[in-house]
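Chemist: Heads up: the protein sequence lines correspond to chains A and B, in order.
Under the numbering used here, the first residue of the first sequence carries the number 1, and numbering increases by one thereafter.
Under the numbering used here, the first residue of the second sequence carries the number 1, and numbering increases by one thereafter.
Derived by calculation from the structure, the hints in this document are not laboratory data.
Treat the numbers as computed from the prediction; the structure is a model and nothing was measured.
A couple of the hints might just be wrong.
Simulated pairs of lysine-lysine, DSSO-like, Cα-Cα distance not exceeding 27 Å [as the list claims (entries may be wrong)]:
#1 K20(A) / K57(B)
#2 K176(A) / K95(A)
#3 K120(B) / K153(B)
#4 K111(B) / K153(B)
#5 K3(A) / K204(B)
#6 K25(A) / K204(B)
Pair ranges (Cβ atoms, derived) [what the hints assert, rightly or not]:
#7 V308(B) / T57(A): 36 to 44 Å
#8 R273(B) / G78(A): 34 to 42 Å
#9 Q242(A) / E291(B): 36 to 44 Å
#10 K120(B) / K237(A): 47 to 55 Å
#11 N3(B) / Q242(A): 26 to 34 Å
#12 G78(A) / M258(B): 49 to 57 Å
#13 G78(A) / G66(B): 33 to 41 Å
#14 H283(B) / K237(A): 46 to 54 Å
#15 R273(B) / S170(A): 45 to 53 Å
#16 V206(B) / E161(A): 50 to 58 Å
#17 R64(A) / D87(B): 33 to 41 Å
#18 K75(A) / I225(B): 34 to 42 Å
Ideal Cβ placement from N, Cα and C applies to all residues, glycine included.
This is what each chain is made of:
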Amino acid sequence: MNKRATIKISNIIKEAKDIKTFVFKHNLGAKPGQFIMLTDFEGGEKPFSLADCDTNTFTVTVKRIGEFTSRLFQKEIGDFLSVRGPFGSSFFISKGSVLLVGGGYGTPPLYFLAKELLKNGASVTVVNGAKSKDDLVFCDRFRELGVHYSNITQLGCLGREGTSVDLAQSALAKTKFDYVYAAGPEMMLKALQPILKEHEYEFLFERYMKCAIGICGNCTIDPLGIRLCVEGPVLPKKLVEQLTEFGKYHRDATGKRIEY
Amino acid sequence: MHNRLKTKFLGVEVKSPLVLPAGVMGMSFSGMHISKINGAGIVTSKSLTLQPRKGHKGPVVAEFEGGILNCMGLCNPGISDGLVEVDQFKERSRTPVIVSVFATNTADFLKLTTEVNKSKGDFLELNLSCPNVFDEFGIPLAASKEEVFKIVKAVKDISKLPVIAKLSPNVYNIVEIALAAQKAGADALCLINTVGPGMAIDAKIVKPVLFNKFGGLSGPCIKPIALKLIYQTYSAVEIPILGMGGVTCGIDAVEMLMAGATIIGVGTAVYYRGIEVFDKINHEIIQFMDENGYESIDNIPRLEKSDV
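Just need the whole structure built from these sequences, with the hints factored in.
Modeler: Set out below in structure tokens:
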């Protein structure tokens, strides 16, 4: 039952100013949307969505935010990290015409999803937004995949000013999509929700996670009590619509409600 | 069918003898709610402290063949926010709630009790036995019969709710501690908390897996210890026991009853069998009752008490 693996970092890719991708040679057997818990045993174990995974490699993309991620940023190729997982629910791999909406460093798991959707014969459109071009990731990777790709920044670094929700709105006006997927900051998902009334969708959520095995209760979402580490992090429309805390609050390490 | 699992704990009717114990899913009203709708007869809040606690840094869990080591470190939102969750749960449900509290001295336990008195909780559990805060607080109170007596007595004097003392398995003589709690007026006992603590090592990085180094053991490997301590305690006391420790299936729960428990906690099994574990075990208990000719849960016999 012990799903912990301690493995060497086989490559580190600098994505943007404070964003790096860590590559591991390991058969993790994860599906798009799932996550791992990562630690160096120096204090802290954090959840990261898989940005890619096949039979011998997996990658996670990390934004430098606090003490833990700052330490990760000092690691070098060949250093050991310890991994638990994969955990949680995964995206439904649809056929037909699909739209992927990503925001900031939340976008990478959509890359893994896009690959699987393409393999399944779907026609994939990706819209990617971030605050500035320093926060925009995976542009080249998406372009290389051969999906319909566009991006935008709030500061207008690349011409137009706007968010991925704006891009999604124009895409939805032009094309009939069978399924929509989104990953990014919660307020982005909240802004996206009203324009998806007619669409089936799945959102990738983020919450503070501790045990990742469905026991501690830190990542339950009100009012259903579903655990983001087990029933999530990918939730379908019918569950998202019932969440009263969505876009309103989340819980910190103590379990206290923190308003957005 | 579920009527056959109906029983009473301290005069309160419960639809199942299965209890969501402290530390599992009890962080929020919705965590308690999902446990209840999946078959728990009673739910317990996280052990609440006067101030919010972040708990230990991760990793806070490590799996091994026989169970799990955990060192959550009493993370909780603090008594006032924690009781908001309890009250919100009670607004939606008649299922009884045990409010668990943790402190390190009588004065703080009394402050916590005063707050719990104002809540919609049904029972007050004194966590005297968290094994994961040695560095911070030293040896658990449950290791000393004098401390247990002093705290339970003081709390009983002011508590509006029945008081349950949660005891540690990691003591030389649990009977004298259980008797001290009973003498002090405890209405019931809860045992066992996690065992050990124990340790896991990562052989590649050459470090302890848990950042706290040590963590309490739970899961199937501790069931024999739980059965023994519950039986010993049951043999010596008159008050009811909330028994727990490694219960994963219906037969485990039945064994707990036979050892002397009135109701049974199911915690780590939420990991092994999903949040549906309560309903699964409820069904397995009924299956056992069918196969062995017991009409109701209260007909399941207890072992004969013995001087052990």
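Chemist: Against the structure, test the hints numbered earlier, and report the numbers of the ones violated in rising order.
Modeler: Per hint list: 7, 10 and 14 violated.
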